[in-house]
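So the protein sequences, as listed, match chains B and Z. So the first sequence is numbered by numbering that gives the first Met the number 0: it starts at 0 and just counts up by one. So the second sequence is numbered by numbering that gives the first Met the number 0: it starts at 0 and just counts up by one.
If you're looking for bench data, these hints aren't it; they were derived computationally from the structure. Do not rely on the hints blindly, as some may be mistaken.
[Said to hold, decoys possible] Sample of chain B residues with no beta-carbon within 10 Å of chain Z, all distances over it, derived: (1) VAL64; (2) ARG94; (3) PRO110; (4) GLU185; (5) HIS191; (6) ILE200; (7) SER227; (8) GLY248; (9) ALA257; (10) PRO263.
[Said to hold, decoys possible] Chain Z is faced by these chain B residues, among others (derived, beta-carbon under 8 Å): (11) SER50; (12) TRP115; (13) ASP175; (14) ALA197; (15) LYS238.
This structure is a prediction, so every number in the text was calculated from the model and none was measured. We put the beta carbon where it would ideally sit given N, CA and C, even for glycine.
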Amino acid sequence: MSGVDTNGKGGRVTMPSASRLLAEAWTVELEDYPLDLRWSVDSRWLAAPPSHGRILVLDREGGVVASLPGHPGGNGGVAWHPQRAALATYGQDARLRVYELPAATPALEIPLEKAWADRVAWNSDGTLLAACAGRTVFIAAAASGAIEHRLSDHKSTVCDIAWNPQRPREIASVCDGGARLWRLGEARPFGHFDWGGASLIVTWSPNGRWVVTGDQTPSVHLYDVGRSHPLHIQGYEHKVKTLAWEGDGAWLGSGGSASITLWPCTGKKGPEGAKPIQLFGHLKEVVALDFVPGSSVLASGGRDGLVLLWMPHRSTDPALIVQRRTEITAARWAPDGGALAIATADGDVTLCLMNPSAAAKP
Amino acid sequence: MNKLHRTPVTVLTGFLGAGKTTLMNRVLTEQHGRRIAVIENEFGEIGIDHELVINADEEIFEMNNGCICCTVRGDLIRIMASLMKRRDQFDHILIETTGLADPGPVVQTFFVDDDMKEKLCVNAVVTVVDAKHIWQHIDDADEAREQIAFADVILLNKCDLVATADLDRLEARIKAMNGVAKIYRTTNAEIDIPRILDVGGFNLEHAIGMDPKFLEPEYPFEWGGIFQVPAGTATLVATRNPDPSMKLVLLPVGSGTDDALAQAREQAVRNFSSLEVKAAAPGTVISCDGRLHEMLLGEGAMRWPLHIPEPGCYAAFTEHYPDELGLKMMVAEREVTAVCAAAYKPDHEHDEKVTSVGIEEAADCDGKKLNAWLSALLRDKGTDIFRMKGVFAVRGNPNRTIFQGVHMLLDAQGGGPWGERPRRNSLVFIGRNLDRDQLNASFRECLA
Chain B
0 MSGVDTNGKG GRVTMPSASR LLAEAWTVEL EDYPLDLRWS VDSRWLAAPP SHGRILVLDR
60 EGGVVASLPG HPGGNGGVAW HPQRAALATY GQDARLRVYE LPAATPALEI PLEKAWADRV
120 AWNSDGTLLA ACAGRTVFIA AAASGAIEHR LSDHKSTVCD IAWNPQRPRE IASVCDGGAR
180 LWRLGEARPF GHFDWGGASL IVTWSPNGRW VVTGDQTPSV HLYDVGRSHP LHIQGYEHKV
240 KTLAWEGDGA WLGSGGSASI TLWPCTGKKG PEGAKPIQLF GHLKEVVALD FVPGSSVLAS
300 GGRDGLVLLW MPHRSTDPAL IVQRRTEITA ARWAPDGGAL AIATADGDVT LCLMNPSAAA
360 KP
Chain Z
0 MNKLHRTPVT VLTGFLGAGK TTLMNRVLTE QHGRRIAVIE NEFGEIGIDH ELVINADEEI
60 FEMNNGCICC TVRGDLIRIM ASLMKRRDQF DHILIETTGL ADPGPVVQTF FVDDDMKEKL
120 CVNAVVTVVD AKHIWQHIDD ADEAREQIAF ADVILLNKCD LVATADLDRL EARIKAMNGV
180 AKIYRTTNAE IDIPRILDVG GFNLEHAIGM DPKFLEPEYP FEWGGIFQVP AGTATLVATR
240 NPDPSMKLVL LPVGSGTDDA LAQAREQAVR NFSSLEVKAA APGTVISCDG RLHEMLLGEG
300 AMRWPLHIPE PGCYAAFTEH YPDELGLKMM VAEREVTAVC AAAYKPDHEH DEKVTSVGIE
360 EAADCDGKKL NAWLSALLRD KGTDIFRMKG VFAVRGNPNR TIFQGVHMLL DAQGGGPWGE
420 RPRRNSLVFI GRNLDRDQLN ASFRECLA
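Same shape as in the complex, but just chain Z (with noise of 0.2 Å):
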């Protein structure tokens, strides 16, 4: 069978809660004009319609003596072995898993086993996040964050329940760890289903074309934003200590605008480099001159002075979200809220387990170095690699070369022609303890 006509499976993962079953839900009933079968959790079979609804139980098949890189779902493999039999063939196949399931073997079983890469292909990992309750999750459970990690497109459910400034937050974190996966905010789970179901593979040029921050330079600090207040005394508040101290400056602009806080971000950037970081413990007064200081932080309420030298807008950058420590500012014992803000990409490995790592070249790569390097690459480094998606210009080839990974797993197709298209390489790692400089370098010598 041409790759170009295997079956579309869409893999839907999301955390324990997070409307998983309502998406489900929703493509089980709404018109979208397909034959879906849906593959579930419990076992048994349910007609709905047009659609069938297969359970399944979400048994891990070990290929190579435990391997990770080599685990498949077993379960799968039967039920897709038997939905390949149906004479009534199905235009796209939907797998929920639960909610603490490993996206790993779930995506691997389409790469591994011999059926299923001849008759089906993985179109995209959708995660359905908890917009609200994923902060209880994302630092500590590992299976939340590699449903992150593996995701082609992450919904940030709940939204109706999380304040604006929250949600950019928590879409800041998550494209700190996967900076490809398209980002929805939804309410009760409410999306164009062909957003979930046309996304296309991995689709790298689309997903850098949808997000134009994914390749944009990173910040040493994950927050700004420009605080209104009047002469003389405000106060800085926290309330809590995640690391035991945070950097921070604070900066007069002219105005409480985008434009005066993506100016000041580039002085901030300066004084963020700087060697001389002055140390503030709770109770030392803090310049609003540009300068970079340490809050040490402690425990219970913390307060730090500013010193206000005129009234105006000063634009504050922090090394953590403000929500982090429960920071505030406050003058006369009243909360100040900031006229505007944004969440910056950071450069520090806030969340060191999962990262993505995006690589833009312009020139043609060497195909067999290309080859090498990937294959060493996986070998070496694919436990933590959760996934790999590529677009390379290779001499000599007029089409682009599609690679895509899953741990150690490599699969490579043709992109069709460049055409008026210029020629580049992008490419993305997603995994754990990635090194940006070391990928960065390495791939440079694939170059032609």
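With the rest of the complex left out, here is chain B (with noise of 0.2 Å):
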């Protein structure tokens, strides 16, 4: 890596290195380790939370947009808004704000109650946030900060929610035990799966078919949500803690090992008795998944130092390698798919611009 250099604004930039499919533009050195990488819907911005220290959003250029306050006791999760620049940022102060931006100060602040804090969704519509404080899931007006309904029925501290993207009013949430499914108005859960073990994380489908949890032990559950059906997959080697969808459902990728596993998603039984696409390429467990939206191309990042590029339904190898110095933390492609923001342990998050003549989509 050359040519360092300080853009004043709380981030470091260093310049590219270059490649056939990626070109490496630009990397920002974080406070701390990056716990994640979002998009704004117009692919404009890149929000970037460390585990401590301010929350940069980057522009294209690697320019520091906005460097947003950190919330003491560590950072959660951001989100943006479905429809416009506004990020929701939240952490273990338990306190969710949400930013106009390119304006750094809160246009919006709802403290929460005390407890672990960190996981923060805006639903489809961009009318309701969700955050999660210990074992309640709250639901606030995003136009007025008002808390609308409390989710209580987990028994332990939740974990994950995740909203149905063709629903704006179903939110799925899950905690030692289990996933539950909200309908907001409703009392009880309308869905409620007990399992017995511990699911860390969750994420519904893009067709609003299936909500799928990553669990403590390792393995994936599957409920599809129509039918109540619950589908357990076991065989994976570490908890999973990354899932991703191919567009609006029909594969289902997976982390928990070195290998990456795909599940098709379609027909009356999904993945019921598939056979999954498994790909070998990473030396360590992958830990970030994320497919070019409207696409089948995949970018998988592992603990190996490695982000490996896939056409998993052209070949199983790996159509692009690029090695960072630390093992990776998030990768994320831009919506518009021109760009891929990868973060890594040492604080580094690296923006790789897609060379449009070499990238395919099938």
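Join these two chains into a complex; the hints should help.
Below is the structure:
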């Protein structure tokens, strides 16, 4: 790496190297371990929350659009509004903040109950914000910040939440015990899946059919919401920390080992009885997966410091290998598919631009 | 990450009011030159100088449908994952559990969770015991017993409130439950911090070296003492009856010294194994000639006259601690105290629920047999085995092999070369309903 420069807004910029498919554009260093990377809906801005310290919002050129104060006790998740450049940040101070960027002062600040607090999510129409604090999921009106619902049927701290992309008043939550599916306004969950272990992450398929969890016991649970039918997939080596959907939910990508497992989620039975696609290339556990929106091009990041690009329906060999110095913590495609942001445990956030002539969309 | 570079974790347990918080505050405020993150029990985060205090909420994750051996602490997984993501790493992590916490899931978390296993290691379980009030819990509260059973280090705290003889009795009782733990007597939890932070994990050799009683023989009695009494009649008075009866041997000795007591002890062992037992209901005269008596215990104050043929020193060996019965030696209605006394590691299952079994064999063992034996043993008996620690000499391996287990979970580590040290196998099990003979016999089958 060469050409280190300081941009004066809380990040250090390193100038690029290049490859055929992806061209490395810049690197910015965060104050601490990058927890996640999230793109704004228009692909202009990238939010990068470190575990502690200031949350950076970067533009496509590596410029710092905003340097937002971190949450005392540690940052949690961040979430972009589905329609505009509003960013919600959350953390262990249990204060949910909403910024109308590029303004760096919160337009809204909602104090929640002091408890373990790190997940936040907008619903699909941007009218509601959900955040977990301890065993409760709080649903706030995005316009006023008023708490409209408290979802409390959890036997332990809520580990993750996911809105139904198709129904803006349905949300899934997971904790020790399993998953709950909620319809706002109803007192009890309409789906209640206690499988006896702890689920750590949850995702709702873009078509709204599947709710999928990654579990502490190395496994994945899929719930076919319409049929109220659970499936349990075992055989992973590690707890499953990353899941990703191809397209509207045709394929589910899962980590949980050094290989990537893709499950077909179409047809009446979905992955039940089906043969998955397995992708081998990483040397250590895969911790980040993301499909190019509207495409089957997949980026994977591993604890081996490798980012691999795959076109799994063409080949099970990686199309590109990018080597970083330390383990990958996040890899996210911009919604327009033109850039891949990569974060590594040493604090670096790197933007790689897709070479339009080389990128192929099957 | 190399196992040698994992961040050490100390788990601090202890029944309610034992002094955990006092000890933790010492760790946080004393100058010990290391950065420590402390995990407490209430939610929040407080920074104290270079330390960090994070509060937890003791949530259990069940890994395999409720199997006790696979429960872990979900809150610790979250907190530790967060700690490991800090750029300013800590030298040591101290986890304070609540008084009623089961230490099992805490320790198991570091064996089971992938991320914890890789980056952290349990350095020691430190249990603080209220030396004055533990007797109220030690028989009835599973939590108190398990906290003792899991410990690598035990602080007998509040020693200023307890007589030395009672501390001896308590220490012997605890050693019968956990023969490996290093025991310190403290007041206000005053102890050199390195003694609880620099334990070095499951160092069995260290434990044996520090506690020569660990592998010593067991005795058919818990207590022995020498009384100096005049000729004539003395009286044994008991006021409690924890059991229907208690065995006793009284015999003359030459002096009131520790040596004399040790010599008499061998005689008493032989007499305790006698098939001739003389039942002694209250009021029955007990002779001081070495015969084995069985005092039959009833209600209220019970008295047994003693025939003292000539003045001098007499040693008494009792199946249980005298305090358990409120047993006193009286001469002319005045209590006579022992001029010297000792507590012994009992061979009877005084606490059949929690005991420790140590095994030592000088011969090399067969690695395959050892693996198979440990796997089968922990699979079949893991629910009852709180902890297992062992240093093994495996045939063909120039290095020591170290195993440590928690319930059904087993972790193996290379222990470095034997060098000049004699090759031998040393292992200990701490748990419920352990069959010493069976464990010994089955381990011997692993020898090469």
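Results for each hint:
At roughly 23 Å from the closest C-beta of chain Z, the C-beta of VAL64 (chain B) stays outside 10 Å, upholding its exclusion from the interface. A cut-off of 10 Å between C-beta atoms confirms that ARG94 (chain B) is not in contact with chain Z; the least separation is 13 Å. The non-interface label for PRO110 (chain B) is consistent with chain Z: the shortest C-beta to C-beta separation is roughly 14 Å, beyond 10 Å. The beta carbon of GLU185 (chain B) sits about 26 Å from the closest Cβ of chain Z, which is more than 10 Å, so the claim that it is off the interface holds.
Distance check for HIS191 (chain B) against chain Z: the nearest CB is about 17 Å away, which clears 10 Å, and the non-interface claim stands. Annotated as non-interface, ILE200 (chain B) keeps its C-beta farther than 10 Å from every C-beta of chain Z; the closest such distance is 12 Å. Against chain Z, the non-interface label of SER227 (chain B) holds: every CB pair exceeds 10 Å, the least being about 21 Å. Here GLY248 (chain B) stays apart from chain Z, with its beta-carbon at least about 28 Å from theirs, past the 10 Å limit.
Residue placement check: ALA257 (chain B) keeps its beta carbon more than 10 Å from all beta carbons of chain Z (closest about 12 Å). Non-interface status of PRO263 (chain B) relative to chain Z is upheld: no Cβ of that chain comes within 10 Å, the nearest being about 27 Å off. Evaluation of the SER50 (chain B) hint against chain Z yields a held restraint, the C-beta minimum of about 4 Å falling below 8 Å. Because the closest C-beta pair between TRP115 (chain B) and chain Z is about 6 Å apart, less than 8 Å, the hint holds.
With 8 Å as the threshold, the beta carbon of ASP175 (chain B) comes within range of chain Z, its nearest partner Cβ sitting at about 5 Å, so the hint holds. A hinted interface residue such as ALA197 (chain B) counts as satisfied when its beta carbon comes closer than 8 Å to some beta carbon of chain Z; here the least separation is about 4 Å, so the hint holds. Evaluation of the LYS238 (chain B) hint against chain Z yields a held restraint, the C-beta minimum of about 6 Å falling below 8 Å.
Checked against the numbered hints listed earlier, the structure breaks none of them; every hint is satisfied.
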